[in-house]
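S.K.: Starting from the given sequences, assemble the full structure and let the hints guide the process.
There are 2 protein chains.
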Amino acid sequence: MNKIQNITKENLEALCERPKLQTASLEKIVNEIFEDVRLNGDAAVKKYSQKFDGLQPEGAIEIDAETWSAGADEVPEELKSAIRQAKGNIEAFHRVQIKGKVSVETEDGVLCWQESRAIQKVGLYIPGGTAPLFSTVLMLAVPAKLAGCEEIVLCTPPGKDGKIAAPILYAAQLAGVKRVMKVGGIQAIAALTYGTESIPKVYKIFGPGNQYVTAAKKKAFAEGTAIDLPAGPSEVLVLADESANPVFVAADLLSQAEHGTDSQVVCVSDSEPFLVKVQEEVEKQLAVLPRADIASESLKHARFLFSESKEETINFINEYAPEHFILASKDEAYYLENLKNAGSVFIGNYAPESAGDYLSGTNHTLPTNGFARSFGSLGLDDFTKKISFQRISREGLKNIGKSIELMARAEGLEAHAKAVELRMKNEK
Amino acid sequence: MNKIQNITKENLEALCERPKLQTASLEKIVNEIFEDVRLNGDAAVKKYSQKFDGLQPEGAIEIDAETWSAGADEVPEELKSAIRQAKGNIEAFHRVQIKGKVSVETEDGVLCWQESRAIQKVGLYIPGGTAPLFSTVLMLAVPAKLAGCEEIVLCTPPGKDGKIAAPILYAAQLAGVKRVMKVGGIQAIAALTYGTESIPKVYKIFGPGNQYVTAAKKKAFAEGTAIDLPAGPSEVLVLADESANPVFVAADLLSQAEHGTDSQVVCVSDSEPFLVKVQEEVEKQLAVLPRADIASESLKHARFLFSESKEETINFINEYAPEHFILASKDEAYYLENLKNAGSVFIGNYAPESAGDYLSGTNHTLPTNGFARSFGSLGLDDFTKKISFQRISREGLKNIGKSIELMARAEGLEAHAKAVELRMKNEK
Chain A
3 MNKIQNITKE NLEALCERPK LQTASLEKIV NEIFEDVRLN GDAAVKKYSQ
53 KFDGLQPEGA IEIDAETWSA GADEVPEELK SAIRQAKGNI EAFHRVQIKG
103 KVSVETEDGV LCWQESRAIQ KVGLYIPGGT APLFSTVLML AVPAKLAGCE
153 EIVLCTPPGK DGKIAAPILY AAQLAGVKRV MKVGGIQAIA ALTYGTESIP
203 KVYKIFGPGN QYVTAAKKKA FAEGTAIDLP AGPSEVLVLA DESANPVFVA
253 ADLLSQAEHG TDSQVVCVSD SEPFLVKVQE EVEKQLAVLP RADIASESLK
303 HARFLFSESK EETINFINEY APEHFILASK DEAYYLENLK NAGSVFIGNY
353 APESAGDYLS GTNHTLPTNG FARSFGSLGL DDFTKKISFQ RISREGLKNI
403 GKSIELMARA EGLEAHAKAV ELRMKNEK
Chain B
3 MNKIQNITKE NLEALCERPK LQTASLEKIV NEIFEDVRLN GDAAVKKYSQ
53 KFDGLQPEGA IEIDAETWSA GADEVPEELK SAIRQAKGNI EAFHRVQIKG
103 KVSVETEDGV LCWQESRAIQ KVGLYIPGGT APLFSTVLML AVPAKLAGCE
153 EIVLCTPPGK DGKIAAPILY AAQLAGVKRV MKVGGIQAIA ALTYGTESIP
203 KVYKIFGPGN QYVTAAKKKA FAEGTAIDLP AGPSEVLVLA DESANPVFVA
253 ADLLSQAEHG TDSQVVCVSD SEPFLVKVQE EVEKQLAVLP RADIASESLK
303 HARFLFSESK EETINFINEY APEHFILASK DEAYYLENLK NAGSVFIGNY
353 APESAGDYLS GTNHTLPTNG FARSFGSLGL DDFTKKISFQ RISREGLKNI
403 GKSIELMARA EGLEAHAKAV ELRMKNEK
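If you read the protein sequences in the order shown, they are chains A and B.
To convert, count from 1 in the first sequence and add 2; that's the numbering used here.
To convert, count from 1 in the second sequence and add 2; that's the numbering used here.
Hints in this document: simulated from the structure, not taken from any laboratory.
Worth double-checking, as some hints may not be accurate.
In this list, chains with the same sequence are indistinguishable; a pair is considered to hold if it fits within one copy or across any two.
[As the list claims (entries may be wrong)] Pairs of lysine to aspartate or glutamate residues, derived as EDC-like cross-links and limited to a Cα-Cα distance of at most 20 angstroms, are as follows:
| id | residue 1 | residue 2 |
| --- | --- | --- |
| 1 | LYS220 | GLU29 |
| 2 | LYS203 | GLU19 |
| 3 | LYS203 | GLU12 |
| 4 | LYS302 | ASP264 |
These numbers were taken from a predicted model, which means no experiment stands behind them.
M.R.: This is how it looks when you write it as C-alpha cells:
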C-alpha cells in the first residue's frame with residue numbers, strides 16, 4: 003500500500019497534482035466529424051454510429067414513444083421506486099435554488115432588476131460504456147425541467163444489444179425529458195451543436211463523457227454552444243480523525259477508486275495509526291470487489307497524508323480543491339468555516355459519497371481536476387441565465403445623466419454622451 | 003442608408019447572423035507566448051511588453067503605491083465624483099444579488115444545503131487602446147470585492163506615454179483592487195494563468211479585449227483557469243414604435259456604432275415611416291461625431307427591420323438574442339413577458355444604453371454574438387461558486403440507504419453500495 007506522507011510547504015504543490023490527463027490530440031478527428039455532421043446531418047451521424055457503436059444505419063436515431071415506454075416498463079418495480087425517491091429528493095434540493103427577481107432603485111427613477119430565465123434548448127449527454135448511468139439522467143433532467151427549459155433532448159449510445167438501457171429510459175420519462183436520441187460520442191455532440199434532420203440544435207450541452215466527448219464539448223463551445231463544466235476524472239478527499247470509522251473511510255475510498263483507473267483518492271488524517279487502519283481495511287474490502295482491477299489500478303496513485311496542524315490541513319484541502327470532500331472529524335466546525343474550495347461536502351460518519359451520487363438530493367455533476375477553485379456544483383442556475391433590466395424615468399436620467407456624460411467623454415465616447423444629452427434637452 | 007427589410011420566416015436565420023469574426027488563427031502566437039511566460043516568467047512578460055507596448059524592460063511590472071495614488075489624484079474632482087456615483091450604484095445593484103445559503107431536509111436526517119463562496123483569486127483585464135475603459139474597472143472590481151475575493155489583480159497596458167490612465171488608477175483604488183500590473187495583451191493573460199515573479203496566478207480571468215486577448219483567454223481556459231464570458235463585438239437591438247422618439251433611437255444606435263467597426267446595430271419597428279425618420283436622424287447626428295469614421299463603417303451592416311406582428315417580432319428578438327435590448331414601445335408589457343434571450347434590457351424613452359454602460363448600476367459585461375441564449379449578464383455569482391453540503395445522520399442514511407444500494411448495483415458500482423451497506427451493518 004502507498005506510503006503515508008506528511009503535508010509540508012515543500013510538497014504542497016506536488017500533492018495537489020492530479021494524474022496526468024490523456025493529452026493525445028483528438029482535435030483532428032473531432033474537427034472531421036463535426037464538419038461531416040454539419041454538412042451531412044443525419045447521414046453523417048448514422049455513419050459514425052455504425053462505425054463506433056455498430057448501429058444499423060436504417061434504424062431511426064430518435065427513440066419512438068412505444069419503444070421508450072416499453073423499455074421504461076422493463077425496470078423492476080423496486081428499482082423504479084428507488085429512482086422515484088431519488089428524483090423527489092433531487093427536485094426538492096433544486097427547488098429551493100429557484101430565485102425570484104431581485105431589484106433595487108439605485109437612484110430615484112432608476113429601477114434595476116435581475117431575473118433568471120430558462121435556457122430554452124438544452125442537450126443532455128449520458129455516456130454508455132460499462133454501466134448505464136441513469137442517475138445522471140436525473141441529475142441533469144430534473145433541474146432542466148424545474149428551470150423551465152422548453153426543449154430537453156437526451157443523447158445516449160446504446161449498449162451492446164443495440165438498445166438503450168431500460169433504467170435510462172425510465173429516468174428520462176420520469177424527469178421530463180422530451181426526446182431521446184440513440185447516439186453517442188463525438189457525433190452526438192456535433193449533432194446537438196449544429197442540429198440535423200432528427201436532432202435539434204441546442205444552446206447548452208450538459209453531461210459527462212470520456213475524452214472524446216470532452217474534446218467534442220470543447221469544440222461545441224468554440225462553435226458557440228455553451229457547455230456545463232470542464233470534465234475530468236472523478237476524485238474524493240476524505241478528512242478523518244480517530245472519531246471516524248476506518249471501515250467506512252476505506253469503503254468511501256474504494257467507491258471512488260472503482261469509477262475508473264484515473265480516479266483519484268486522497269485520505270488525510272491527524273493520526274498515523276488511523277491511516278494504517280484505513281489502508282488495512284482498503285486491502286480487505288478490495289479483495290471482494292467485482293471491479294477490483296479498476297480500483298487497485300486507481301489506488302496506485304492514492305495519497306495517504308498525515309498532518310497534525312488544522313491550519314496546514316485546511317490549507318492543503320483548499321489548494322487541492324476536491325470534487326468530493328468527506329469530512330469525518332471532531333473539528334468539523336473549523337473545517338466547514340474555513341473551507342474555500344470543494345464541489346460537494348459530505349459531513350459525518352453516515353454521509354458516504356454514494357449518498358450524493360444517488361439519493362440525498364445534491365447534484366453529482368461536480369468540478370474535478372482543481373476546477374472547484376472556480377466552478378461550483380451544477381445546480382438550477384446552470385439551466386438559466388440572468389438578464390438585467392432597467393427602467394429609467396426622465397427624472398431618473400436627470401439624476402445620473404451628468405455623470406454618464408462626464409464618464410463617456412472621459413472614455414472618448416461622444417455618442418454615448420449624446421444619447422443622454424439629446425434626451426435631457428427634450429422638453430417633454 | 004441601409005434598406006428597410008421585412009422580417010420573414012425565410013430570412014430569420016440570415017437576420018440573426020453577426021458580422022463574421024476574424025478567424026485568423028492566433029493559436030501559434032498565443033501558444034508561443036504562453037510557453038515562454040510559463041518557463042521564463044517576468045523576463046518573458048517584459049520582453050513582449052517591450053515588443054508590443056514599447057515598455058522599457060527595466061521598469062517594474064507592478065505599479066507601486068506612490069505612483070498609483072499620485073496617478074489617481076490627477077483625476078479632476080468632477081470626474082472622481084461621477085466615478086464614485088457609478089461605483090455606489092453598481093455596488094447597490096450587485097449587493098441585492100448576494101444570496102444566503104439555501105437548505106432543505108430532503109428526508110428525515112438528510113440535510114442538504116448550498117452556499118456561495120468567493121473565488122479566492124481573480125484577475126481583471128482592462129484593455130488599453132483608443133480609450134481608457136475605467137468604467138470596466140468598476141464593473142469587474144466592485145462585484146469581486148463584494149463577493150469577497152481575496153486577491154484582486156488588475157492588468158492593463160499603458161497608453162502611448164507609458165503610463166496607466168489616471169481614471170483607471172482612481173477607479174481601481176476606489177473599487178478595492180489590491181494590485182495593478184502594467185501589462186497587456188497575450189502576455190498578461192499568460193502571466194495570470196501561470197503566475198510569474200511579479201504577477202500572481204489566479205483562478206478566474208475577467209474582462210474584455212481584442213482578438214488577441216480573447217484567444218489568450220481561451221488558452222487560459224484550456225490550461226485550467228476559468229474565464230468570464232466568450233467575448234465578441236458589441237451590439238444593440240432597439241425595438242421602437244411611434245411612441246418612441248426617433249432622435250433618441252438614432253442616438254442609441256450611434257452610441258453602439260461608435261464602439262467599433264464590427265459593432266452591430268439593429269432597429270425594429272412596426273412603422274416604416276418611423277424607421278425612415280430614425281435613419282434620417284442617424285445621418286444627421288453622425289455628421290458631427292468625432293468617431294464618425296468608425297460609426298459609419300459599423301453602420302454599413304446595420305439592420306432596419308419592419309414587422310407588424312408582435313409574435314414575429316419577439317420571436318426574432320429571442321432568436322437574435324441581443325446583448326443590449328432597448329425597448330421603447332407601448333407594448334412593453336408583452337415584450338417583457340415573452341422575452342427569453344437578452345443580456346441587458348433598457349425600458350422606456352429615457353433608458354439609453356449608456357445608462358447601463360456607466361451609471362444605472364447594472365453590469366456592462368454582457369453576452370454577445372448570440373451567447374445571450376445561454377449566458378447572462380455578469381453578476382455577483384460569477385465571482386463565487388456554489389458548494390453543496392450534506393449532513394446525514396445514521397437515521398437519515400437508513401431512509402435512503404436501500405435505494406442507494408439498489409441504484410448503485412444497477413449501475414454496476416458495487417463499492418458504492420458497500421459504502422452504505424457497511425455503515426448500515428454497524429451497531430453504533
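S.K.: Indicate, hint by hint, whether the structure satisfies it.
M.R.: Outcome of the hint check:
no., hint, verdict
1, LYS220 x GLU29, "both (10 angstroms within a copy, 15 angstroms between copies)"
2, LYS203 x GLU19, "between (37 angstroms within a copy, 16 angstroms between copies)"
3, LYS203 x GLU12, "between (49 angstroms within a copy, 18 angstroms between copies)"
4, LYS302 x ASP264, "within (10 angstroms within a copy, 54 angstroms between copies)"
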